[in-house]
Amino acid sequence: QKQGKVMSIFLQVNISNDPAKHGFLPKELTAVIEQLKQFEQLELLGLMAITAQQSKEKTRQDFKTMKKLQTKFGLKELSIPQFLKCR
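Residue numbers for the sequence shown follow the numbering used here, so the first one is 2 and each next one is one higher.
Just so you know, these hints were derived from the structure itself, not from any lab. Incorrect hints may have been included.
Here are the simulated distance ranges between beta carbons [said to hold, decoys possible]: (1) Lys65 with Lys6: 33 to 41 angstroms; (2) Leu46 with Leu26: 28 to 36 angstroms; (3) Gly5 with Gln62: 40 to 48 angstroms; (4) Lys59 with Lys6: 38 to 46 angstroms; (5) Thr31 with Gln62: 19 to 27 angstroms; (6) Ser56 with Gln4: 42 to 50 angstroms; (7) Gln62 with Leu37: 22 to 30 angstroms; (8) Lys3 with Gln54: 38 to 46 angstroms.
Listed next, the in silico DSS-like pairs over lysine-lysine satisfying Cα-Cα at most 25 angstroms (straight line) [to be verified]: (9) Lys68 with Lys3; (10) Lys65 with Lys77; (11) Lys28 with Lys3.
Since the structure is predicted, the reported quantities are computational estimates derived from the model, not experimental observations. C-beta: ideal position from N, C-alpha, C; glycine also.
From just these sequences and the hints, can you work out the full model?
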C-alpha cells in the first residue's frame, strides 16, 4: 500500500466441500468479497477451484457452479484444473 501498488488476487474456493482441502466455501464468498472491498491495494480478479477426487459428473457440476459464482460476482477470471483424476 505504501508503494501505491495494487495486487491482483484469486480466492481459492473449496467447491466440493472436501474437508481435506482448503479454501473458502461457496456460502462464505459474499461476506469475504464484501470484506475485500476495504483493501484498496487488492484487486479480486477471480476464483480458483479446489475440487475433491470424485466422479466426472460431480466434477462437471462443480465447474458449472464455479462459473455461476464467477458470473454472480462479476469476476474476470476463473481458474479450474484442466486434468483431474476422477474415479
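Against the structure, the hints come out as follows:
1. Lys65 with Lys6: 33 to 41 angstroms: holds (35 angstroms)
2. Leu46 with Leu26: 28 to 36 angstroms: violated (20 angstroms)
3. Gly5 with Gln62: 40 to 48 angstroms: At roughly 42 angstroms between Cβ atoms, Gln62 and Gly5 fall inside 40 to 48 angstroms, so the hint holds.
4. Lys59 with Lys6: 38 to 46 angstroms: Once the Cβ atoms are compared, 40 angstroms apart, the range 38 to 46 angstroms for Lys6 and Lys59 holds.
5. Thr31 with Gln62: 19 to 27 angstroms: Given about 21 angstroms between the Cβ atoms, the range holds.
6. Ser56 with Gln4: 42 to 50 angstroms: holds (47 angstroms)
7. Gln62 with Leu37: 22 to 30 angstroms: Holds, since Gln62 and Leu37 (Cβ atoms, about 27 angstroms apart) stay within the stated range.
8. Lys3 with Gln54: 38 to 46 angstroms: Because 43 angstroms falls inside the window, the suggested range holds.
9. Lys68 with Lys3: violated (35 angstroms)
10. Lys65 with Lys77: holds (16 angstroms)
11. Lys28 with Lys3: Violated: Lys28 and Lys3 sit about 33 angstroms apart, past 25 angstroms.
Hints 2, 9 and 11, counting from the list given before, are not met by this structure.
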